[in-house]
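Engineer: What follows is each chain in one-letter form.
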Amino acid sequence: MEDPLHGYGGEVRRVLEELGLRVGDRVRVVRGGEVYEGILMPRYALAGKQIIVVKLDNGYNVGVKWEPGVRVERAEKPRQGARRGMLSAEVVFPPPRMAEDKPPVSIISTGGTIASRVEYETGAVRPAISSEDLVHIVPEITETARIEADILYSIFSEDMTPKHWEGIVEAVAEKFRKGARGVVVTHGTDTMGYTAAALSFAFRSLPGPVALVGSQRSSDRPSSDAAFNLRAAVLVAAQAPFAEAVVVMHGETGDTYALAHRGTKVRKMHTSRRDAFQSINAPPLARVYPDEQRIEIIDGRYREPGELEVENGFDDKVALVKMYPGITGEVIDMFVDKGYHGLVLEGTGLGHFPNSTIKAIERAVEEGLAVVMTSQCLFGRVNMNVYSTGRRLLAAGVIPGDDMLPETAYVKLSWILARTRDPGEVRRLMLTNLAGEMNPRHTLELYPRWYHG
Amino acid sequence: MASLDYEKLGLMVGLEIHQQLDTSRKLFCRCPTRMVDEEGGVFERTLRPTQSELGEVDVAAYFEWRRRRRYRYQSPTPSSCLVEDDEEPPHEISREAVAIALAVAKALGARPVDEIHVMRKIVIDGSNTTGFQRTAIVAMGGSLDDEDGKVRIQTICVEEDAARKIEEKGRTVVYRLDRLGIPLIEIATGPDIHTPEQAQRVALKIGQILRLTGKAKRGLGTIRQDLNVSIRGGTKTEIKGVQKLELIAKVVEYEALRQLRLLEIRDELRRRGVAEDMLDTPIVDLTKIFRETKSRVIRRALSSGGRVLGLKLPGFAGLLGREVQPGRRFGTELADYARFWGGVGGLFHSDELPAYGITGEEVARVREALGAGEGDAFVLVADREEKAREALKAVLERARWALRGIPPETRAANPDGTTRYMRPQPGAARMYPETDTPPLEVDENLLKEAEKYVPEPPEVKLKRFTEEHGLSRDLAEQVLRDIRLDLYEHLVDRYGDKVPPTVIASTITSTLKALRGEGVPLENLEDHHIEDAIALVAKGAVAKEAIPEILAYLAKNPEAKAEEAAEKLGLTKLTPQQVEEIVSRIVEENRQAILERGERAMGLIMGRAMAVLRGKADGKLVARIVREKIAEMLGKT
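Just so you know, the protein sequences line up as chains A and B, in that order. Quick note: the first sequence uses the working numbering, first residue 1, plus one each step. Quick note: the second sequence uses the working numbering, first residue 1, plus one each step.
Just chain B, with the same shape it has in the complex (with noise of 0.2 Å):
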């Protein structure tokens, strides 16, 4: 695909942070923020859509409990009370998780607010017990500085991690509690990112942020981002649940490129003198053009009660065939509709048949019982009539929107970068006081406690890095921006004094960038695998040398152990008995080298030593050893 000019386009991005906070306990409960192992007790609950003063509800809450979902919950006991099992009233917000807050919004030149108003933030996929997310603005404004410009920051909240969801059976949906409750800090940007690099970069910037006030937690799923994105004449789409950091530049161009898509679709349609008041086509029932179809989804829909309705799209030809995403096509977008609003399986058009065991002939009857001609398109479902109505109903509206431009909505991501429809954008109806709790202040007491965590400014780190580390320079200022930049200030915490800082700091910028450039999976490797490597060095179990190797096979076996690895692959440090053995030997084997070039073998020998000894042995130990071996033979002589 050709890459698009972003600038011509209009991008603007916007990108809403979540990363789940270290602290001593949960948001509003006495629990430990960590997860189990466990499944403790089990219950089953329901949640149903609470109605505004004129009756309103929200809409996916509505078909949710519409489909009557059961939500089963495990409550492990080491990680869950009665808080999560909302079973018990919140207790007060965790001045630790707003404390973290206060120190991000420093660091970002917030400013905080004067008193804290926990939400309730309706979510009704039974992800929180309550039927609802806690949360609260700590502050607002400030900007992250970024080559490309200025990034404002909207708003900075704390709020409460949802349960995780664990299987889905049917219409029940498992979920465990002890995530549930666990504070994350949310930072929203303006939109003020134009690329899709930026946004990704930014992403970045923001998570090192959060993770240098020492209280983010590592690892996968702690970090999570949405986010907002437009074109010029487009409109903002949000996404939710990108879960890994790589994936943020390639979400951001495939919407970039879905709504430079739908707008041409719009424009095609214009030029075809299309008009939303053509498209009041009705809902015709087709079941009897398919009663001896050879498709398989439509005798099954059939022969459990079902019909097969039909919708002309006037002007439509050849559009819903058309891709807007890599593999998805604007007839894709048209099925997401149905099976949102309607509850169907999916749906058949015109542009994809005759296939599916949909026989051409069958097609011509359709378009014939439709009215649609060479220039229409047209949609099938085969459902239940109320359902298929409702999903047909729902394209309907989608393509009427098709003549405007780009509907609202609230995407969701697929692990290769394209989204789908998830649901309407949330209104009003979604956001009030939680008032089960009192509101907080932001008192003189609770900005002291904020300072502890108040990351260190870039350049005192640079000095400190060059100056206390012993780093070079240039490595202080690649370590700075490297996204592992906590990882490298804690593996020099805890094992500084035993492997150099120089060896940490360009184990986490060259030595991963090398092995990238061979192709090995870095995206299994975690900062655990990383920590477990230097802690191998420091222990004196293996040489520095065999980092690289160790570091490879975990990213290759992510479930091994660094010790296995280091066995596995002989990187295991040999004694310096065993290592003046082998010295010993190689000085033997090239006697008459040593014997002709005197001093000047020891470059010769020190390579074939460390041939054989790479990884499992310091070369400076190897070093000593061949030239005392040399000396000796030269001595004897």
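Same shape as in the complex, but just chain A (with noise of 0.2 Å):
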């Protein structure tokens, strides 16, 4: 932390400068004859109230208001008997055992803090640096396979860019270049699904499974699902037969088996869960059981493994535009005036957007832009040819997008114009299947049975 009196303005601050006094030091405030003695936290409320936040010797944080005639001093520490042996209330936990026989799976950190450390005083999250600090807070993982980790990146997900895409490509390619079995991308779950369908466009082929993973419970808590989802990733990494970039997450709310879901394939479905992944429009590739070291495929067509073939670089002149009723064809226009590639469309229904923005879509055509259409039903695909809304937005020139994500035909529209501009060859690659992004088949069990009931 950089300021020493971190979220602390106003009167209040300058009183605790005045006294030296930082964050994690001793304090003694005394406000209407109670005495409030302990460290000094720092304050995470945004609101710039006159709070002092002491957390006391018995480990409660409590708030204090400054004010005038508040006393604030420094306190010097208690002294304590050195705890040990059956006395400590805290162990260490063993160290792990690097097995040379295992395969070797390399993890590549991005953000979020799938593995991570508390600093107790307050309540900080520290993120593993290492490798030796990944095994070391999830040592189980040694069992599977030999590790290595690296960080790339330490960023939100929600700040991940098409920049970041091809970051992660270039680094995931090289780990595979120097002889890993499998690959572990730890990523934020909020954009997880964006770069899962990135890796899944720009790797043509790949010599093992590219396996994503997060945690929607942060891992500094006992309940985290943090620890499960790596061991099932790191478990895909070692063993999984298919050679595809997948999502690796809990496959249900408890602790018993996680999922792989093709990376062109899955969503982020809640806000909160732990199963909150889920493939649309087409089955898992497997069940994950990390307690038991094994993994179920469920549906056979996978991609094997092969030569390592990238084709990196994503065109970030690119949006994804919800139609909403009301919608005007300046929103379209603003897009086509700023100089964007592409457009992908997130209609409504079959695929529709209002018939007074066709113009500005034709418009969009003519100025060179790709526009594809998708549906913010997400389950199901589009059909134009049966409205004649969709037939002519067919007839203006749109892309129509199949049964592919929303955010799956973003992506690849962003990978294809980062490769042509042709608008020929743009639809040709558009419509075809390039990395199971498109699922011909749908069957009645593909939509879930929701609750009625």
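These aren't lab readings, by the way, just hints derived from the structure by calculation. All of these numbers come straight from a predicted model, not from anything done at the bench. Do not rely on the hints blindly, as some may be mistaken.
[To be verified] Cut-off 25 Å, straight-line C-alpha distance, at most; resulting in silico cross-link-like pairs (DSS-like, lysine-lysine):
1) A/K65 x B/K498
2) A/K49 x B/K448
3) B/K236 x B/K8
Combine both chains into one complex, guided by the hints.
Structural biologist: Next up, the structure:
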């Protein structure tokens, strides 16, 4: 923490500064006859309230209001007998044993805190910073693989851009070149689906699996799903027969199995549940049981390991536009005027945008933008021949996105436009199933049975 | 057992009282605060210890994890949601719960903090799906008046109740989530209590203040007590989970006794010249001595690949068999350590051998192998080698502590008032901030909300009881001191217009006392039993005289309903016509006496009538009919 008085402002900050106090120092605050003594804590609340947060010796934090008359002073550390042996409430995790005979798996960290430790005083979470750290926190993974870990980025997944995808592709490629059996990429969950799709397109062929993994409960808590997911991802990287980019996350709310989802078909479908990630319009590739070290294939139609073939590069002049009642052509015009190269539309139903916007869409196509239609229904595929609006959109040059997820179509268009801007070629590639992003057969069980009593 | 002189012992006790609150929602979600009788959806989880920056983990958490414990959660939809399932972040803290805690703070003269910060307290027995309990200090300071002096209040917290344990099958523990998240208020006192009786009384008083907010839940398990006990020269021991108020005094007494006995053992060891450096004895493999043993426990361990390991405790002869609490010996204390740290089933010690199939000859060979003389004790553990070794290391460590005094421990209360070792006292790594929920400022609005729960001061109550309820001052004071004070108020509120408050008051005070004197198992009697009995009187189904018998019946048959009790006991009230018929018959049978004594026969006839009608008819009604019938008879002649 750079600011020694993190979160403190105004008068209270001045008082603390005058005393030369820093977060972590021992402090005594006397207010209204009550004495609050303990460690000065950082303030995370956004409001600039004049409150001093103290961690008392019983472990609790309390907020004490500062106002004239309140006494603040530096306090001395109480003497403490060292605790040892049976008395100590803490033990240290046993060091893991690195087995040389296990398949080599690389773990690339891009952010999030899939393996971390807690600074108990402040509650700050510190991510693992090295292979040793990582395997010390989740020692079980050494039973599955010989682990090598690196940090590529430390960013929130909402801050990922197509540039970061390129960086991840390169880092993963490098690991395979150096002989990794499989690669695990730890990633914040919000945009993990996009990155998974990006890897799926960029690797035309892979020697082994790439498992993206994250956690929905941060790893600073005992109930975190991080270790379970990581163990499952390492198992996939070390043993899975497929050579694709997949997302490996909890398969249900309990800690029983994880699912490996194809990177082009996976979507985060819940804000907070462990099993937020689901395959849409396709079955997941496999069930993964980390406790039993077992992988159960659900869909046998996967890409087999091959030579490493990378086609990296994404066009960041692509946008994803969601239709809403009342949307006007101006929204489309804006992207055209700003010099964008492609648009993925997230239309309604079978793939519709209001008739009033068709002129703008026609103009976009004429100006050379690739325009792709997907559906905000997510489930099912677009069919623009059923209604006249759809037919008019097709006539305007819109490319139907079949059953692709809007996010996947967006990533795909970004990847294609970085290779070619030729409208015919873009259209051909968009209509071609490049990485399992389209499923030509939808059967009944692919649509979830929602609760209805 | 001779009673202890607590003043001489320097007994110090602090209490932590936990009371469930009857709020409209749980502390961190919108679920109602009630238990249900269904399982709902089921899922299985594991918990793992989180590491501190130094890689340290909570020891109890570590052992649970190493045992590969699995937790199966039942999540019934009427009373639990994704928050309890640990699938959704906590909602903002219940203002109602905070307001109630602030009200209690006011009643105890405690000072509210200015901003409430929610903390996570690591609890890895699976009883919290998150692996921690959310808890926050609401107020500090204040005190409670007690006959034996002021008892300071240290902290007043609100926290989440844990899930309730349904069963344990092998390494799977089953919990139901309906109870998880129900708000608890926790009141911790200073170590200002000096006798077991005082501990129980202070617990009762605090319980009463809590109940007087009108927001305390009632019934078994809604209030729980933890105790911190020490004697001079001893160590503060935390005792968890005393469910019954009546047990508090006994737990305190037994803990004082345990510390006293352990200090005696220490002194004896010192007298014998045993020093800590003598306790570096090696752990010895004694398996070959037991190849042909008749001890079933050892045979079973050996046949599944285990070993027998032994440890000499120099100078400890005779001490392992010493009782530290009724039925618990110093050897039991060592065994607790072996179980916790080694995960073994138990141990054998020299003060109890030969026995359990272990022969005198085997004992002699063990002594020889360990080099243990007359004055030495030894301990044996039969299990997988690694476990047995860990167990004996813990035994040795505990034995070393015997020379220093009493190790700081967290202990669990047994139903008989004795305690057993549970784990070391938790360290600093146990509590860290809950970052998912923002701090709550204690502002004017919140304090105003709290006002409506502040319990009425006793003097105001006394006045109301005498003036409005018509209780005598004596009875009013009795009610005020009674544990069921809140029940009294509740019953007067509900039934006061049909049942005189004096009847309710004396039911709660003298009737129950009398029943206890008769040996009726009052511990089975819950508030709802008493309420049902009063309700029957209010309905006119039984006479007030029937209350004691109904309560006695319900205490013996807690599953029964008051109505059933009345019927079974033949106490169902008779109609005035039925009463008249019975009185007529009695008057007729006593014609001679009435004619002789005239009006003065009233007493005699009344006595005979009530012998038949007690509990089945109101006394006043009987008296009126008796008087009428006598007058009638005298008038006729």
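Engineer: Against this structure, judge whether each hint is valid.
Structural biologist: Evaluated hints:
1. Taking the CA atoms of A/K65 and B/K498, the gap is about 52 Å. The hint is violated against a cut of 25 Å.
2. A C-alpha spacing of about 21 Å is found between A/K49 and B/K448, which places the hinted pair at or below 25 Å, so the restraint holds.
3. Restraint check: the Cα-Cα separation between B/K236 and B/K8 comes to about 17 Å, which is no more than 25 Å; the hinted pair holds.
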